[in-house]
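Enquirer: Residues per chain, in single letters:
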Amino acid sequence: MSRVLCIAANTFREAVRDRVLYNLIAFALLLSAAAVLVGQISIDIERLVVVNLGLTAVSLFGVVIAIFIGIGLVSKEMEKRTLYTVLSRPVRRWEFVVGKFLGLARTLFVNTFFMAIGVFAALLYVSVPHRFQSSDAWILVALYFIVLQFVILCSLALLFSSFSSPLMSAVFTFALFVTGSFAEDLRGFAWMSHGLTRWLATGAAYLVPNFSALNVIGQVAHEQPIGTHLIAYNTAYALAYSATAICGAVLIFERRNLK
Amino acid sequence: MNGSRKVTVATSVLLLLSLASSVLLLRRLDQVRSHATLEEVLYFNSPKWVKRLSLGYDGLLADIYWTRAVQYFGGRHATGTADYNLLAPLLEITTALDPKLVVAYDFGANFLGPKPPLGAGQPDKAIALLEGGIRNNPDNWKLYYNLGFFYYMERKDYAHAAEAFERGTRAPNAHPFLRVLAAQAAQHAGEIQTARMMWQTTYATTHDDLIRKNAITHLRALKVDEDITELEKLVARYQQQTGVLPPSFNVLIGAGILRGVPVDPDRKPYKLLADGRIELQSPDDFPFVEKGLPPGYTPGPPKIQ
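Protein sequence lines correspond, in order, to chains A and B.
So for the first sequence, the numbering used here puts the first residue at 1; every next one is plus one.
So for the second sequence, the numbering used here puts the first residue at 260; every next one is plus one.
Bear in mind the hints are in silico, worked out from the structure with no lab data behind them.
Misleading hints may appear alongside valid ones.
What the hints assert, rightly or not - From the structure, some residues in chain A lie toward chain B, with a derived Cβ separation under 10 angstroms:
no.: 1; residue: Tyr84
no.: 2; residue: Gly188
no.: 3; residue: Val250
The beta carbon of each residue, even a glycine, is placed where N, CA and C say it ideally should be.
Only chain A is shown next, with the shape it has when bound in the complex:
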């Protein structure tokens, strides 16, 4: 386990060294501008804009990081030949894959943590009087769901990067992200169709990740509560789905010819 954690720590360190966290500056500028500007040009939607824009930005920045770092996790190590150095030591291939996954997940968690501080700071700025409401706590749940989205995306990026080129991995992961965002529509199509089409559509609907259940931005922006059942099932689902993708990545990477 210590070897997995060691690889995870190195992956995180490498991401920080690659200046991944610089996106936080762009995020901070965006949110400050929105918080100040909207208050001047619109009426009574300051909180709504900060929550909507803030959470959407957290999600989009994270998705871009998850995809573009995730796809290079294996291929970059192979390109730089550092993978052979790592695997020549007493490190199993599955430990390498799981470590890389945990490292990227940690990077995204830290990134989201700082962005969350930014969202709450902007929220405090636009609230009148300058204090939080109890309903603002639901924003934490929305942020938690966004982190769960990242966990799934990381695992998918890793799965694709274990057998494909970085460009194709990015395309595949992004395509699954888009499809997964419309997963409920896909299940709607399955429900409305018949025969073989229904089977195929249902199979596809269960195979693609369900990001729509993890998107509660609209709900929390309107201060609606999130059910505990949804939190529990989403957590379990994200873990189960990521485990599936990671297992797939391990199986492929175990059999991959690295020569």
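Mind docking chain B on chain A? Use the hints.
Expert: For chain B alone, coordinates are given in the frame of chain A:
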């Protein structure tokens, strides 16, 4: 078993378990979120904005929006709800993205117009949709036909129906029957014969199986309405002759007024009640009928025959 093989077996088992868990959890999530599906959300409700944001891919986007409109209507219709708030905006967006998508005007008006549970109960929006369709596709005679049909059947506005049919006759390649319908709607407004002619035209001019079945269901209902109107007249005639109501159809047959026990289109005999009313044996088999229904009868969602 060597180390690599162990990893493969363990990972494969874990993969299957986690995949099965994710499917089961997704089913649970669907139950938890049964009232929060994406179909309830219209991200942009301005057709102009959606068109701008489509970046030129408006044809594909129109198809997607049309599919969503169908899904939305189908889902609401299946649950028997009367709330169709998003239907009109979805159809507006669809037709703004692709003004030539005739099917959206054609079916869309049929979704919007009829009263719940058959439709959204928004006849004005249905007419506006069809008029928009005609503006964008002035050469499509079917849109004029649908507009006339809608005025006639749903609004009972026979003057506008006749006018719409008449406008349709001027479209290139218009079905010759439109001219007959225009005259019928003007001269024999409200008659069963005219309604039957319209449904027969609908049946004859569509390739869609569902519309054909719908036309047959309406034609069956018209036959029942016509039969019962006729039977009620015979019962009244008997009462006029004898001073009493006939206790059964056999009495009418004995009096030479009827040739045999009258039956509905499913060959089931009509019921003659003590108060002289005629009723259907199975009203559920005849959606859209206006006569022969038991007092206080509430029809369920229509079963298309």
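Enquirer: The structure should be examined with respect to each hint, and the outcome stated for every one.
Expert: Results of checking the hints against the structure:
1. Tyr84: 17 angstroms, violated
2. Gly188: Since chain B brings a Cβ to about 5 angstroms from A/Gly188, closer than 10 angstroms, the hint holds.
3. Val250: For A/Val250, the interface hint holds, since the closest Cβ of chain B sits about 5 angstroms away, which is under 10 angstroms.
Comparing the model with each numbered hint stated earlier shows that hint 1 is the single one that does not hold.
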